[in-house]
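Since the structure of chain G is already known, use the hints to place chains X and D on it.
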Amino acid sequence: MTPILVENFLQSLMAGLLVGAIYGLMCVGLALIFGVMRVINFAQGDFMMLGMYVAYFLFVAFGVQPTFGNIVGPYVAAFLAAPVMFGVGYLAHQFLISRVSGTRTAQLEGEGHYAQLILTLGIALVLQNAGQMIFGSMVVSVRTPLSSSAWIIGPLWGDFVEIFVNKARAIAAVVSLLVIAGLVLLIGSTRLGKALRASADDPTAATYIGVDVNFAHSIAFALGTSITALAGGLLAPNYPFHPFVGLEYVIIMYAGVVLGGLGSIIGAFWGGMTIGIVQQMSALVLPTQLQNSAIFVFFLLIVLLRPQGLFGRVTERT
Amino acid sequence: MRLRTTLPLLVLAVAYAVISFFVTNSYYQLMMTLVLVWASFGLAWNLFSGYTGLISFGHAVFFGLGAYFTALGQIYFDFTPWLLIPVAALVGGAAGLLIGALTFRLRSHYFALAMLAYPLAILNVFMWLGYQELTIPMKHKGAVLYMQFTDGRMYTLIAIVMTVAIVILSQAVERSRFGMALIAIKQNEAAAEAAGINTLVWKLRAITLSGAITGAIGAFYVMVLLVVTPESVFGMLVSAQALTVTMFGGVGTVWGPLIGAAILIPTSQILQAKLGAQFPGIEGVIYGLAIIVVILSAPEGIFWRVRDKLRKRSGTTAVAEAVAIDVPTAGDAAPAASVSQSGGQIILSVRNLSKSFGGLKAVQNVSFDVQRGSILGIIGPNGAGKTTLFNLLNGFQHPDAGEVMLDGHSVFGVTPHRLCEAGVGRTFQVMRPFPRLTVAENVVIGAYVRAANDAEAREHAANAIARAGLTNVAHRVASELTTKELRLMELARALAGAPRLLLLDETLAGLGANEAAEVVTVLRALAKQGITIVIIEHTMHTMVRLVDRFVVLDHGAVLVEDTPQAITRDSRVIEAYLGTKWSAHA
Amino acid sequence: MKLGRRQFLASAGATALTASLSAPAVWAQGAKEVEVGLLVPLSGLYARFGTSCRQGAEMAVDRINKEGGIKSLGGAKMKLVVVDAGDTAEKAKSAAQRMVADYPNMVGVSGAYLSTLTLAASEVTERAKLPMLTLSYSDLITDRGFKYIFQTSATAASQAKQAMPVVLKVAKSAGGDPKTVAIITDNTAASVASVKPMREGLLAEVGLKIVVDETFTPPLADATPLVQKVRAARPDLLFFLPTVISDAKLVLEKMNEFGMGQGRVPTMAFGIAMFEPDMLQTMSPDLLQGMIGSIGSWGGKGHEGIASELKAKYKEPWVDQNVISTYGDFIVMRDALEKSGKADRESLATSLHTLDGGPSKYYPGGVIKFDEKGRRVDAGLAIIQWQSGTPVTIYPDSLAVAKPMWSKK
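Residue numbers (my numbering), protein chains in the order written: chain G, 1 to 318; chain X, 319 to 904; chain D, 905 to 1313.
Bound conformation, chain G alone:
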């Protein structure tokens, strides 16, 4: 019996890591927005949905599939969708979000949070329903043989224990890690990154040292949108989606970002990763239907015991 338990454990762990990596990337996108601007964006999941559809249509209707095939094509489509969504995010910030956030909100009740919440709820409604009008209600996904095949590790311990590594998920996880590494470099060592960090720490002080905070916010919002959308594109081969799919992911994203600690990119990644692992591994000990309860209970436990999150700085007041 023991080999089975070992296999169950390792298989769940592997699933958790693979699912967690993509959650991590989504969370990083949100963390950029949430961390830099302190805006709670309820439409983040719906921007991801849009990213999934953009990748899908690039794949099936704009020549990506015929040019690159079923193996490389889905990833090319995901990466092509990211700049498109960068533009969408930039415009959304310029015309909508910036009007109730950043430096304009100092005099508003609750520093503009109320307006931001309602505004992003409104945006979410528009995106979901416009999605239904344009894309229809049919469920689709980017079709590739990778999503139903695996690399097999093993057999280990004699010839029984075999660990399956889903190819599509594994590629998505590796790509996620690379993207996050690139992002960390970008933020850590470029002028733009410094502007973003300064705007996050203290927007008023940032303006004194010559940072265009509004521009930094636009970039943060656009970058955050495009990264979450990229995560959506990477998920599209595995996860069938429809215009309302955003609702399923937005909460996971927030849970991951808060778990990781506000204002920390790496923290957000680990937060998302933790959620993925808890979600997948909870099924080892709990009824599978309580997977999501396990996430939220775990989330509450961590946040209540360690209010600054797993990776947040202690100085950042709870």
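Any given hint could be a false lead.
To be verified - Where chain G lies over chain D, by a calculated footprint (3+ residues, C-beta under 8 Å):
hint: 1; region: 962-971
hint: 2; region: 1141-1153
Said to hold, decoys possible - A few chain X positions that, by computed beta-carbon distances, are all more than 10 Å from chain G:
hint: 3; residue: Pro404
hint: 4; residue: Arg425
hint: 5; residue: Tyr449
hint: 6; residue: Thr468
hint: 7; residue: Asn516
hint: 8; residue: Thr562
hint: 9; residue: Ile581
hint: 10; residue: Glu721
FYI, nobody ran anything at the bench for these hints, they're computed from the structure. Glycine residues also receive a C-beta, built at the ideal position from the N, C-alpha and C atoms.
Chains X and D in isolation, oriented as in the chain G frame:
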């Protein structure tokens, strides 16, 4: 006073009831009920989140518990909802107390998002328990006893009574010490503690009350819907509904949720009815666009937007700039150092106080005494540890070593609001007045610590306003005040608690010379009345004319303690402020 | 006689302030039109399924009117009113309320796809004494003592019971001999109601032993933990009850990935999710090949005309449960109206209760007759199988258009 605000409400309620009586279309009847259900839910949410400023994304947890309690009570025990609904309120209240006790250690975004997790965790548990779909058993006999009316207008009537009750309750809270405490928490929780408000207790009361009301509404909702599913009562969209109607209408006022629900619920229903079947999705697009457009033009909600506009139109003739300060002149501003030096009682004694953060020693081995009725200035360049020292003095932080004695008793471990009750008042460097409240309303928050009832609190507040020289502007809203007036208002709020010792945090910073002089005059008058004052500033400038003694901090340690005359000539002080280069030349 | 709601409203309506019109209490005989309703989700999460229902309804009403309407009402035409039920219980309830209020002349309605929506909507139609036909499975729908609800599909529990011997027969006829079974089900009401009798003895009766019994909350993020349990237990059969299409894809692809796909562990699905055209948008037809499903109803033999009309008119590749059942609902309403010769709700309800329409043409098995609970007498089910990219009916024989395939391990 009461009648003036209650009357329009009752008129509205009666009008609503009359209209609903003539509505025979059962769909419009249902809609009239649902408007009130969501308005009530918004009111309950507002009672907690609107007044405390702690946004809850998880009010569905109370709603759902009330709903399921009522459904299960009828299915398994055949109890009547007339009994179950009040008990559901108790369930909601208990949940509120428990969740509050667990979650209030979190602030702002963390609190908001943690609240989101409760209903979602419970939602899955109810699914797991097998309660995917419950229906209320249909009663053919004794339907009224089971709140199953054939006439939809009965539900509307019940909803009207419920809504009116919640509005009256909200207004009662808003006007009382309860409401003032919540508003103070919303402005600045630390300041509220410093003003003698036990913030945790008030927040717990607020969430318990809000949870109880929400539980009852959830229970009633089940009776309207007759079907309950976890998603329809615990779902994220349920919590969002409370936020949406309230924020759309206006947060922090009973009218907000009423306006929000009255506009949003019918709009979405009508769009769904007229367009939903023809062009699926377009109703959501239009609804979403409408929300976006309205919130961009009224970011704080419709109520505040309209009110501000009306105020502006009628308020241009308002009071002329009140500059004159109604305080007996304190005579020559030069300090009579000799008077307070002459060995009065020591009210505050600081002994070997130290505090470090990580490797940084913010405060090192600081000792000094303050005599009753004197004014002590603590100065030092930026980063000298002034604010940390201040926080140690009033209990916001605990020292690593040393102690602070107030009238000979150690204040170690005493919470800020207890310290306030013991007669220590403080102001804050960053002012966060409640911009839409008048000066009098802002100040009364500080008065409750000494007042047995509302009337007494108002009396204390008026007195404090007079002492701060703000009587002329007492009825104006805070957003119209100048910086100097805001500083004096903060001072008045601290005074309203009748402190013996006042700790002032950069009260003079950013004021022009004339303004600073006026504030100095007020402060000296207060000292004459026997109030001891400790003030921190980072410039010496105006302070020289104010204080009896200086404590100069540098790198967390006391550099020198002396009279203003001596300090201005002390080379160490000049060096600390201007660097060695300057002192060498001096 | 009790004062009916409608009459009451009509008398109160004289003083109405609202713009809405109230109903005249008396119906003119031989009206030119008879209003019938379709209350299904057309927006939100379940819009896809409601759209299929709408297609079936439109085709049926078209045909009825082309054939001369309702003869006993002087050739009155049927007028279809489509109402969006939305995707929550609250929306469905409001929509139903709006429907009964705005269309006082409506005599009957079909809806509301998902049993949650049907439960909520029927609380309204029951009180408005409006007869409602539904394809929803939940036993609860007809367990509430309601008099105006008619369930045309076999209930979830009944379907589970009927499916077992058939599944075994299909399996044996194809050369298999299953002894153990794994169950993976989501926790929506219909799925739970189907699985309950299986656990409580149904499987034991036919000699199947449950070796994995997993319930999940849709939508899944990943199917690994579930399918790993199947892999560890290596059952002869998998019973799979998804409601959401994404769950169907995740589990089937994971089965394939773990080397149990394409018939190596024969998979039997309950419910419609795995047999919608959408599946082909999300995964390769190869992975679907051979999957068997038990459904309340499906297009098959005798529905060729409907199939070609559906293809021509709506570009839908096949006739699913929603299309055919909803189609049938309107034919049944016509027959009941013909019989009663009166175009009002009460008469239609009475007529439906006493109807004896002979063998069922658009629902599998049984007859067009409702018992006192409102359940169709001897309602059967359809067994379908993915064969070369299309789900085809393989049972009952009266509907079957293909032979079952059962791939060998």
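For each hint, the structure was consulted:
Check on the region 962-971 of chain D: 0 of its residues sit with their Cβ under 8 Å from a Cβ of chain G, so the three-residue criterion for coverage is violated. Coverage of the region 1141-1153 of chain D by chain G holds [criterion: at least 3 residues with CB-CB distance below 8 Å; count 3]. In this structure Pro404 (chain X) is separated from chain G by more than 10 Å, as the shortest Cβ-Cβ distance comes to about 29 Å. Its beta-carbon lying about 5 Å from the closest one in chain G, Arg425 (chain X) breaks the requirement of being farther than 10 Å from that chain.
At roughly 12 Å, the least C-beta separation between Tyr449 (chain X) and chain G is larger than 10 Å, which holds for a residue marked as non-interface. Every CB of chain G is more than 10 Å from the CB of Thr468 (chain X) (nearest about 35 Å), matching its label as outside the interface. At the 10 Å boundary, the C-beta of Asn516 (chain X) stays outside the reach of chain G, the nearest C-beta of that chain being 19 Å off. Non-interface status of Thr562 (chain X) relative to chain G is broken: a Cβ of that chain comes within 10 Å, the nearest being about 6 Å off.
With a least beta-carbon separation of about 13 Å from chain G, Ile581 (chain X) lies farther than 10 Å from that chain, consistent with its non-interface assignment. Non-interface call for Glu721 (chain X) relative to chain G: holds, since the shortest CB-CB distance, roughly 25 Å, exceeds 10 Å.
Hint compliance for this structure: hints 1, 4, 8 are not met, and every other hint is.
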